[in-house]
Each structure stands twice: as structure tokens, then as C-alpha cells.
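From these two lone chains plus the hints, build me the complex, please.
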Amino acid sequence: MTQLWSFPGGIHPAENKHQSTARPIRPAGLPERLVLPLQQHIGEPAEPVVQPGDQVLKGQKIADVTAGMGVPVHAPTSGTIAGIERLPVPHPSGMADWCIVLKPDGHDTWCELTPIDDYHQMDREAVLERIRDSGISGMGGAGFPTNIKLRPPRDRKVGTLILNGAECEPYITADDMAMRERSHEIQQGLKVMAWILRPERVVIAIEDNKPEAIAAVRKAAEGTQTEVVVIPTKYPSGGEKQLIQILTGMEVPSGGIPADIGVMCQNVGTAMAVYRAVFRGEPLISRITTITGDGVSEPGNVDTLIGTPIQHLLDGAGLEPGRINRLILGGPMMGYTLEDTSVPVVKTTNCVIAATEAELPTPPPEQPCIRCGMCAEACPMDLLPQQLFWHAKAQDFDRAEHLNLFDCIECGACSYVCPSSIPLVQYYRYAKGEIRTQQAEQIKADRARERFEARQARLEREQEEKEQRRRERARAAAEAQEKKKAEAEQAVAEGDATDERSARAAMVQQALARKKAAPAAAAAVPATPETTTEKPDIGALEKQLEQARGKLETMEGMLEEAKAGGADNVEKLERAVAKNVDRVRRAEDALADARRQLETETGE
Amino acid sequence: MWTGILIAVAVLVALAVVFGALLGYAAERFRVEGNPIVEQIDALLPQTQCGQCGFPGCRPYAESIADGDAINKCPPGGDATIKALADLLDVEPQPLDAEHGVEQEKRVAVIREDECIGCTKCIQACPVDAILGAAKHMHTVIESECTGCDLCVEPCPVDCIDMVTVDEDIRTWTWQPPKPAIIATDRQGVSA
Chain A
1 MTQLWSFPGG IHPAENKHQS TARPIRPAGL PERLVLPLQQ HIGEPAEPVV
51 QPGDQVLKGQ KIADVTAGMG VPVHAPTSGT IAGIERLPVP HPSGMADWCI
101 VLKPDGHDTW CELTPIDDYH QMDREAVLER IRDSGISGMG GAGFPTNIKL
151 RPPRDRKVGT LILNGAECEP YITADDMAMR ERSHEIQQGL KVMAWILRPE
201 RVVIAIEDNK PEAIAAVRKA AEGTQTEVVV IPTKYPSGGE KQLIQILTGM
251 EVPSGGIPAD IGVMCQNVGT AMAVYRAVFR GEPLISRITT ITGDGVSEPG
301 NVDTLIGTPI QHLLDGAGLE PGRINRLILG GPMMGYTLED TSVPVVKTTN
351 CVIAATEAEL PTPPPEQPCI RCGMCAEACP MDLLPQQLFW HAKAQDFDRA
401 EHLNLFDCIE CGACSYVCPS SIPLVQYYRY AKGEIRTQQA EQIKADRARE
451 RFEARQARLE REQEEKEQRR RERARAAAEA QEKKKAEAEQ AVAEGDATDE
501 RSARAAMVQQ ALARKKAAPA AAAAVPATPE TTTEKPDIGA LEKQLEQARG
551 KLETMEGMLE EAKAGGADNV EKLERAVAKN VDRVRRAEDA LADARRQLET
601 ETGE
Chain B
1 MWTGILIAVA VLVALAVVFG ALLGYAAERF RVEGNPIVEQ IDALLPQTQC
51 GQCGFPGCRP YAESIADGDA INKCPPGGDA TIKALADLLD VEPQPLDAEH
101 GVEQEKRVAV IREDECIGCT KCIQACPVDA ILGAAKHMHT VIESECTGCD
151 LCVEPCPVDC IDMVTVDEDI RTWTWQPPKP AIIATDRQGV SA
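So the sequences go chain by chain: A and B.
Just so we're aligned, residue 1 is where the first sequence starts under my numbering, counting upward by one.
Just so we're aligned, residue 1 is where the second sequence starts under my numbering, counting upward by one.
Heads up, a few of these hints could be off.
Claimed, not checked - EDC-like cross-link-like pairs, simulated, lysine to aspartate or glutamate; straight-line CA separation at most 16 Å:
hint: 1; chain 1: B; residue 1: Lys121; chain 2: A; residue 2: Asp396
hint: 2; chain 1: B; residue 1: Lys83; chain 2: A; residue 2: Asp398
hint: 3; chain 1: B; residue 1: Lys136; chain 2: A; residue 2: Glu561
hint: 4; chain 1: B; residue 1: Lys136; chain 2: A; residue 2: Glu560
hint: 5; chain 1: A; residue 1: Lys543; chain 2: A; residue 2: Glu588
hint: 6; chain 1: A; residue 1: Lys241; chain 2: A; residue 2: Asp398
hint: 7; chain 1: B; residue 1: Lys121; chain 2: A; residue 2: Glu560
hint: 8; chain 1: A; residue 1: Lys444; chain 2: B; residue 2: Glu145
hint: 9; chain 1: A; residue 1: Lys444; chain 2: B; residue 2: Glu143
hint: 10; chain 1: A; residue 1: Lys444; chain 2: B; residue 2: Asp129
hint: 11; chain 1: A; residue 1: Lys103; chain 2: A; residue 2: Glu32
hint: 12; chain 1: B; residue 1: Lys83; chain 2: A; residue 2: Asp396
hint: 13; chain 1: B; residue 1: Lys121; chain 2: B; residue 2: Asp150
hint: 14; chain 1: A; residue 1: Lys432; chain 2: A; residue 2: Asp396
If you're looking for bench data, these hints aren't it; they were derived computationally from the structure.
Pulled out of the complex, with its shape left as it was, chain B reads as follows (with noise of 0.2 Å):
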């Protein structure tokens, strides 16, 4: 009866032993490193990295958002980013959080080429490096480049940086859904 138990023990001890080692190996062999959820959101977000949102770029607001921040301080992602983030991270979408801005049109910065001191201010400002020049030479964005986040208009001591929203051309045209649905008595009232 002794020799029943103990093996019984002896199996489930070399069992524990086996994955217990298992385990072990596969915690370090897939380490994950950093927060995989970061990157998730990170993903979403629009990088503009305006700051709006009170952080020094999309990344670490999306850290922020990870260990537990509001996801409605994001105004260039407006409702679609605010949405996406609810089903990542299954809460409840939000209203935009008016304190850090409102959703806008997609917009570009652009330098008045001509007034342009060259004083390098909107160089170092600009997150993505998307505005080329030199000192005392003219500036200019490289508009493809730009994520409109505005954060070049503030230190130009000039004010030669002006904001314009991007318009659809004949290229990023698309075709729009078609219109709400009348149904066939509806019409009838409305010609009667």
C-alpha cells in the first residue's frame, strides 16, 4: 500500500519538476520584452506627435494610456482613435476631451518662404524632422513629411508658419457611401 503512494507521489513530484522546468525555459526562451499592449496602442495612434494629449509624443502617451490613462486626450485621432482604443482595451468609447483640443481637418504646415528669417526655431521644434533649411538660409516643410501637428507655428518669431488644411483632390478622392435610405413610401409623401 506504501509503495502505491509513493510512487503516486514520486510520479506527481516528477511531473511538478518536469513543467515546473518546462515553464521555466519558456518564460525566459519567449520573454517578452516591454508592454505588448504599448505597442497595440501605440499602433493606433495617429503620430503626430503633437503633444495635445499632454505627452511628449504618441509613444508615451500610449505607456500612459497602458497603465491606465483616459483614451480621449488625442484630438488629431478624433472618435475613430477614441473608438479603436475602447475595442483594444474593451472600455467604454469617450467623448474627446475638449481640454486638450478639438478634431480637425487634416492639416500641413506651410512657410512663407519669403519672410523666412532662417532662424532654425521650427527646425528643432518639429517632432518628425520634416522641415528642411539652415541658419540664415530659407526654410521649407517637406509637405509628405508633415503630420500637421502645429508644434512649428509657435516659436517662429516671424510668424511665417501658417496652418492649412489639406484639400481632396483628384487623387485622394474616394467615392462616398450612397445616400441614407428613403424607403419607397417616404418618397410617395414627399411628392403627394
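Chain A on its own, in the form it takes in the complex (with noise of 0.2 Å):
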């Protein structure tokens, strides 16, 4: 007999299950048309791989993950794609989601399929890939990649995997059903993520009420080294944390994961999935979801396909809509209600509940609370529900997460014991959301700062460059002109003055003289000095042309660049260019001039 632990807290609600488990698993049939939402995991969305009006054959990708955490989503039935759009999803918001709308054709055509005949052969990182890309993704609830899942950090070796039959909430037989009837698909299943994985111990952990599923499971596991462990029916013992309690005697700690200490927890759909992928080759596109509750004729569980629209599944349990209050996706303790019955079964979807006002009546109203304790005494996790609650109303959260809010498992034990009818877990659902909100949020803030830092930090770099820029312009212009200066002083020198007074004095004179001369000379006397100096001075001031004409373009391309830049420059470039471009037309100018005067002059 296997050694078992216990976990604190936890209740017992009524069971319910007998309505479902009453008539075997019967198939769903065949939609009008499937809707299936790109994200049914958790991680990224996967990216559709196909275009409306396409033909698909069962079991065909028709969106895949490429980037990020996620796995593909697959064809359930041959078809044809009517439209990529935004519809209602399964979710608590009621909101509107990218889904794949498929017309079935009503041929149900499978596409190839490429069952591996003997995995042992194969590589655990082919097997891995090949889960990952028949579209499995956890089960029981989270809908976690499985693939990835079944990659544990390295250093944390799996020494038990456990397999979660518990189906501990009240309603749910989807599990129960599966390892009724389909327990050699589950035991194949959870052989495969042995080998992958290489526990020491594999435990499939079954609630004492199911002795039918108990049964089956025993006799598909004889011969195997498979424990099957019956533990005390206890609400929620099939949670994951708790389960492993239950079998190891193991805390996983706060804001870990069960690898941590050495532990992996599948769920039974989980591991029916698998074997399809393996042996079969078929992709995920199919599940047990359970339809109950005292508005529907015909409770019971059905293989329906991923994508049915859940009216689908209503109308086929015999549904009366007049007599059910809500309707519930989930479990009565877990689950959300549920407003639009058009949303689609996903791959977490693993029961429906179309409740009347009696076995499921209207919450009443929430009192004060009383202090009372129970809640304390009910949660799972030795949580202090009172305490998480004040704060949480108060919008208190940073006492709320240092309480352990992020270790709540949201089981909603503690409001089921609640005397004052608190909807205790409402309240710590909001507390999370809006610390993750704010999380969010101060991480972009953080960003933003960081940008601007960068922004300011580039500014101000450039602004140095330019400065440095133009200091060392004005050093070069400066040396120029010292150079020009000295040179001029070296000519006068090597003259006639003997100090440099009287150099600079005959400088001063030969520039005016300069002066006086330049303007007389070319009014007086044009023909004489013009015939030794005409001709040279075209060549001159052809290049002076050309390079005036170069340097309008360096500047034109450049206040182009400035303009581009941003640069701050860009009004001063613009005076300059005007500069240059008048420059060009000064030494047009001169040269045709010059042109002329040299004409005449050979015409005379």
C-alpha cells in the first residue's frame, strides 16, 4: 500500500457526477461549422497558415506558432476555410478573439498521417517535436504547451510523474469516462512521457469514487511498473500542488513549480492525446468534454471535436432552455459563466453545465464578513483568506501579495464555506489582475525612461560633436590665417623693410597701392597687361566656376542630409547654399565676361 499524505483544509461538496457517468461516451457528430480560436494555450497565438477559401483535410495545420511559447492548431474535419475573424471565445471577459471559421464537408477526409511505429527507436527531442506539433497542449485546465512541459530545466530531474486522474470538482466525469473506457490509450500515453522523461516512479492517482475508472485503469496498468494510488475523495485533491502533497508528501514551493522538487503532474486527456499523436499520428483535434446539469435531458459525455460550437453539444444532450438559470464552462467551483452560446469547445473545455435555478441557485447577496475563520480553515494552501480579502477590497495589494496572493490556486473553497456568501475568489482575482496590470505597466515605464535616457544622452553627445566640430574649424581657419600672415611678413622681409613695423606699414602700403592700381589699370589701360594675363585667367576662372559649381552641390547634399537628420543646421545650410549658388552666378559671370573681352580683343 502506498504511503499517502494529506494537504490542509479542503471540503466536500456534493459530487454530482452520477448524472454524467450514466451513459457512455457518444460521439458529438457534425457541426455546421467549427470556430477555432488561434490561442487555446497558454503563450503566444499561433499565426494562421492558411487564407479563406481554402480546402483543408482533417488533421491539417491550419496555424502554427513560429515565434514564442505555443503549439499549432489543427483541421478537426475536412473542409473549407469560411473566414479568419474576431468571435466569442471562451473566456470569463466574454470577449471576442482571432478564430478560424471551417465549413465541414461532411467527408471527414484525413490528411496523411505518419504514426511512429516504435518511439523507443526514435530520438525523446523527435518525439518531443512531433507533440508539439500534433497541437497538445495541457487538458485539465491551463492548456499548457505539453512539450514544453515535458523539457524540465536540466537540473531538475523528474524522479515522479504523476498522472492526474482526481477529477476532484463536482460535475466533471470528462477524466472519469476516458479512463472507463479508453484506459489502454492512457496507460500507452503516459508510457511514451516515461520514456521521455525517465521517473523513477510513474503514479496514476484516481478519487475513491470512481471504482469503475479505478477498475479499468488497474487492469491496463497490470504488468507495468505503474502505480495506481486511490486517494481519499477531498475537494481540491486534484489540484496539481495539492495532489503532489497528497502522493509525495512534498510542498511545491511559492512560485515554483513541481519540477522544483522533482516532480511532473499530466493530466489524463493529456496523456489520451498523446498516445494519438504517437501511435496514430493524429493531431489533437478532439476531445471528452462532459454536458450535465438538470437542464439538459441527456447527460453524459461526449468525444466532440475541438471548435463545436457549445449550442452544438446543448442541442444533442437535449437541452430545455426554459428551465436552466445558468450556464456554466467548467466546474461549478472553477468555472465562469457563460453568456454566448455560440463560443467554441476549446482544448481546455472539459464540461458544460446547463444549471437550474435549484441545483445551482443565484449567489445571494454578500454580507459583512464575520470573522468567523472558516475560510482559513477550508483553503488548500494555508492561505489567510480574511486577511486576502480585506486587503484585496481595500485595494491594499501590496499586502495582499506579501500574504501570498499569487499562491491562491483560486479553488473556491474558501467562498463555498463562506457563511456570509463572499465571493471571496472574485475579489483575488481582481487583486492579481491588477497587480500584473500594474506590473505591466511600471515595466514600461521603465522603458519609457530608459528611451528618453538615451534620447537625452544622444542630444547631448551631438551637440558635443558639433561643438567640437566647429571648434576645430575655427582652430584650422585660424592657423590658416597665422600662416598666411607669417608668409606675407616673410615676403615683405626678404623686401626692403627691416623690423616688422615697417613690414607691416609696406604691407599696408602695397595693399593700397594695390587698390588704386586695380581699378585704373583696368579702365586705363585694358590692352597691355590684359594680353599676358587674359588667357591664363579663363583657365582660372573655369575652375573657379567648377569649383563654385562643386561646392553649391556638397552643400546642397548636405543641407539634404541635415534636413533628413533633423539636424538643427538646416537654416544655416540654407544660407549657405543661396551663398553658393550666387557665387556660381558671379563666376559665370566674370567668365563670359571674360570671354568677350578676350574676343573683341582677337577680333581687333
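Pasting the structure below:
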């Protein structure tokens, strides 16, 4: 007999499972259209790889995740892609998300399947890749991609693999019926997962309220090393952390994952999907879902294609619309009210309850907390629900977080026992959401600050560089000036001046003389000097013009660049360009004048 | 007797010297660069860098608050930021100063791309470099980096930038708190 431990708290609500276990699993049939949400798992949403109007075959990949965590989506039957649009999806918000709509052609033609005959011969990575490609994500509730879960960090050896068949929540019997009827598939799928992980211990845990399932699983596990462990019925023993505690006595550390203590939990439905993916090559396109509640005349479990509208399932189970008070997706403890019956079944949809007012009455109004402490006794995580409630209600989220709000598994045991009917879990969900939003905003603000500071630094650097360049230019100009002066002085010195002063005076004299002489010479005697200087002048003028043109071009280029780069010297550059245009015009004029003169001269 | 007094004085002087040296060393060794309160204030500000407070960015405003400026000049942060600042600085929270604008829903800038002439004026205005583009080429806003400061709207010569309110979608949705409690007697009153 395997040793069992217990977890704190827990409740024993009315099970209400017999209604849906009386009938065998039946096929749900083909609906008129299938709606396949692109995100049915935790991680990045998948990207469609088909276009509206495309013909697809059953099992064909229609959407995939290329970057980030996620799994592909496959066509559950053959047909035509009718559209890719935003439609209501199963989500507590009741909001719409991107979905691929498939119109079945009724032939149900499979695409080519490639079963793996002997997975032992294959690389473990290849089998994991097959599990990913088959679109398998956890089917118990959260929908974490299975291939990632099956690849724990290298330093975390998984010693115990647990197959979770506890199914502790009232009304839900999908795993129970699957274990009764498909225990062989489950056992095979579990074997594949055990082969990938190589644990020392493989356990299937089932609550003692499912004797038929226990018998079937025991039979399938005969001759294998799998332990079938029967655990006492108590809600929420099917919670991952609670089940681990029951079977190993160890607690998953706060904020950690089971692999941290060498344990891994997988769902019964996931094992079945792994079996199909490996041995039959079939991707995850259907699941077993419980349709129950007093609002349907034929409650039971259906084998339904992913994407089937809930309305189709309800019709198939004989819905009596007048009787239902509330439609719940998931169980009565952790599920949420469904407003729209057109939403599809997704990979994590395990139960639909069409409840009458008598069986799940409208919750009475919230009354003040009387500090009875029953919630603390019921909490399976050993938290302080009352304190969490006060802090969440007062929006004192820091304190709630400090009291390990994020360890809350939202099982609803506290709300169930609360004599004041306070919707405690909703307060916790609200507080968690607010904290996550604040964290996301903080991250965004930090990034904005970083970008702002980086920009400031860049602008400063650019300013600095500009300043540097300006200084360099000024220095170069000063040097040139100095040099010129020195040359002039030297020239003068070589002449007749003896000291600096007289040299300068001589320079000034010379300059004045030149200035006087120039117009006089130009006006009075154009012929004599010009015959000697005019010819080389044309060449010089041409060269000047060319230079001016070149400069204008570079200035224009610079202006463009400055405009593009957003530099603040655009105005200056514009002035510079205008100046250059002037210069070119002057040079052209001068050249034309010179040519005319030359012509008249040669004509004479 | 004198020796006793001298010893006492000597001991006290020695102690004073030792502790003085210790404090002096600590002041050097653990010197705090800048004003730490500015960092704390800056961390509370929303970092939109919008300048609605009258300062060129969140940090200058944080510095000004540290010097005693009013804490109610930040419309993007709204009441939540004022409350956080009041808690930090231990002052009375004040209502938002309407002179600097009103609190708005979270928004992002969106460029109507076919109207953009590629003038780069918005790129120069963006305080967080969230606009991408080159001269004479279409610009676009990197939505995830946009703080919604709307500083790019005014410089646009063709008015092709819109400020669009960010709607909640299925990925940003969070649970709402339960509706305000009505006590049982209230309900009886209603139904009666």
C-alpha cells in the first residue's frame, strides 16, 4: 500500500457526478461550422497558415506559432476555411478573439498520417517535436504546452511522474469516463511520457469515488511498473499542488513549479492526446467533454471536435432552454458563467453545466465578514483568505501580495464555506489582475524612462560633437590666417623692410597701391596687361566656376542630409546654399565677361 | 584625583577621535550620489515624458517635486500617482491641477500613413524615440513604445497623427471587483 499524506483544508461538496456517468461516451456529431480560436494555450497566439477559401483536410495544420511559446491548431475535419475573424471565445471576459472558421464538407477525409511504430527507436527530441506538432497543450485546465512541460530544466530531474485522474470538482466526469473506456490509450500515452522523462516512479492517482475507472486503469496497468493509487475524495485533491502533497508529502515551493521538487503532473486527457499523436499520428482535434446539469435531458460525456459550438453540444444533450438558470463552463467551483452559447469547445473545455435555479442557485448578496475563520480552515494552500479579502477590497494590493496572494489556486473552497456568501475568489482574481496590470505598467514606464534617457544622452552627444567640429574648424581657420600672415611678413622681410612695424606699414602700403592700381589699370590700360594675363585667366575662371559649382552641390547635399537627419543647422545650410548659388552666378558672369573681352581682343 | 580626570578626558577624546574618524570614513565610503528621493519620485511618475507638468520630462519634474513643487501636476499619472507621491512624501494628496490637463484614458499615437509626407518633424518631437521613419519616407509609431504623450501631434504639418484610445482586449482584460455589497435587508426592500 502506497503511503499517502494529506493537504490542509479542503471541502466535500455534493459530487453530482452520477448524472453524467450513466451513459457511455458518445460522439457529438459534426456541427455546421467549427470555430477554432488561435489561442487555446498559454503563450503566444498561433498565426493562421491558411487563407479563407482554402480546402483543408482533417488533421491539417491551419495555424502555427513560429516565435515564442505555443502549439499549432489543426483542422478537426475536412472542409473549407470560411473566414478568419474575431468571434466570441470561451473566456471569463466574454470577449472576442481571432478564430479560424471552418465549414465542414461532411466527408471527414484525413490528411496523410505518419504514426510512429516504435518510439523507442527514436530520439526523445523527435518525439517531443511530434507532441508539439500535434498541438498538444495541457487538457486539465491551464493549457500549458505539453512539449515544454515535458522538457524540464536540465538541473531538475523528474523523479515522480503523476498522472492526474483525481477529477475532484463536482459534476465533471470527462476524465472518469475516459479512464473507464480508454484506459489502454491513457496507459500507452503515459508510457511515452515516462520514456521521455525517465522518472523513478510513475503514479496514476484516482479519487476513491470512481471505482469503475480504478478497475479499468488497474487492468490496463497490469504488468507495468505504473502504480495506481486511490486517494480519498476531497476537493481540491485534483489541484496539482495538492495532489503532489497527497502522493509525496512535499510542497511545491511558493512561486516554483513541481519540477523544482522533482515531480511532474500530467492530465489524463493529455496522456490520451499523446497516445494518439505518437501511435496514430493524429493531432489534437477532439476531446471528451461533460455535458451535464438538470437543464439537459440526456447528460453525459461526448467525444467532440475542437471548435464545436457549445450550442451544438447542448442541443445534442436535449437542452430545455426554459429550465436553465445559468450556463457554466468548467466546474461549479472554478468555472465561469457563459453568456454566449456560440463559443466553441477548446482544448481545455472539460465541462458544460446547464444548471437550473434549484441546483446552482443565484448567489445571495454579499454580507459583511463576521471573522468566523472558516475560510482559513478550508484553504488548501494554508493562506489567510480573510486577510487577503480585506486587503483586496481596500485595494491594498501590496499587502495582499505580501500575504502570498499569488499562491492562491482560486479553488473556491473559501467562497464555498463562507457563511456571509462573500465572493472571495473574485476579489482575489481582481487583486491579481490589478497587480499584474500595475507590474506591466511599471515595466513599460521603466522602458520609457530608459528610452528617454538614451535619447537625451544621444542629443547631448550630438551637440558635443557639433561643438567639437566647430572648434576644430575655427582652429584650422586661425592657423591658416597665421600662416598667411607669416608668409606675407616673410615676403615683406625679403623685400626692403627691416623690422616688423615697417613691414606691416609696407604691407598696408602695397595693399593700398594695389587697390588704387586695380581699377585704374582696368579702366585706363586694358590692352597691355591683358594680352599677357587674359589667356590664363579664362582657365582660372573656368576652374573657379567649376569649384563653385562643386561646392554648391556639396552644400545642397549637406542640406538634404541635415533636413533628413533633423539637425538644427538646416537654416544655416540654406543660407549657405543661397550664397553658393550667388557665387556660381558671379563666376559664370566673370567667365562670360572674360570671354567676351578675349573675343573682342582677338577680333581687333 | 587629577590623574582620574585626565584619564577620563583622554578616554573621551580618544573615543571622539575614533568615532569621528569612523563617521568621516563612512560618509566617504557610503556617499550617496544625487538625491535618492528624486529617484523614488521619478519611479512613481508614469514616464510619459509629455511635459504637461511644465517640465521637459518626468525626471526634471521629480527634481522639482523634491525641491518642494506641487505633486498634482501630472495628468497622465492622475489620482493614483498623486496618492503614491503623497504617501512617499507624507503630504496631503491634492486633486489634480486642471491647469496642466485632465486625466485621460491610455492612448497611443497612430500615423495615417498614406498622408505622411516624411518630414521627420514628429520623430524629432518624440521624447522616447518611438517613431520610425526617414526623410521623404513614411513614418510609423512603434505602438508598444508609445507613451501617449501627444507631443508629435502639434508639429505634424499635415495633421496626419491621431491619438487613439487603447481598448481593453482579451489579453489585457482583468477581473472586476465584485459589485458593491448590498446587504440582505436592502434586497428585501427592493423586492418588496
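Each hint tested on the structure:
{"no.": "1", "hint": "B:Lys121 <-> A:Asp396", "in the structure": "44 Å, violated"}
{"no.": "2", "hint": "B:Lys83 <-> A:Asp398", "in the structure": "15 Å, holds"}
{"no.": "3", "hint": "B:Lys136 <-> A:Glu561", "in the structure": "11 Å, holds"}
{"no.": "4", "hint": "B:Lys136 <-> A:Glu560", "in the structure": "10 Å, holds"}
{"no.": "5", "hint": "A:Lys543 <-> A:Glu588", "in the structure": "11 Å, holds"}
{"no.": "6", "hint": "A:Lys241 <-> A:Asp398", "in the structure": "24 Å, violated"}
{"no.": "7", "hint": "B:Lys121 <-> A:Glu560", "in the structure": "14 Å, holds"}
{"no.": "8", "hint": "A:Lys444 <-> B:Glu145", "in the structure": "8 Å, holds"}
{"no.": "9", "hint": "A:Lys444 <-> B:Glu143", "in the structure": "12 Å, holds"}
{"no.": "10", "hint": "A:Lys444 <-> B:Asp129", "in the structure": "14 Å, holds"}
{"no.": "11", "hint": "A:Lys103 <-> A:Glu32", "in the structure": "7 Å, holds"}
{"no.": "12", "hint": "B:Lys83 <-> A:Asp396", "in the structure": "13 Å, holds"}
{"no.": "13", "hint": "B:Lys121 <-> B:Asp150", "in the structure": "13 Å, holds"}
{"no.": "14", "hint": "A:Lys432 <-> A:Asp396", "in the structure": "12 Å, holds"}
The structure shown violates the earlier hints numbered 1 and 6.
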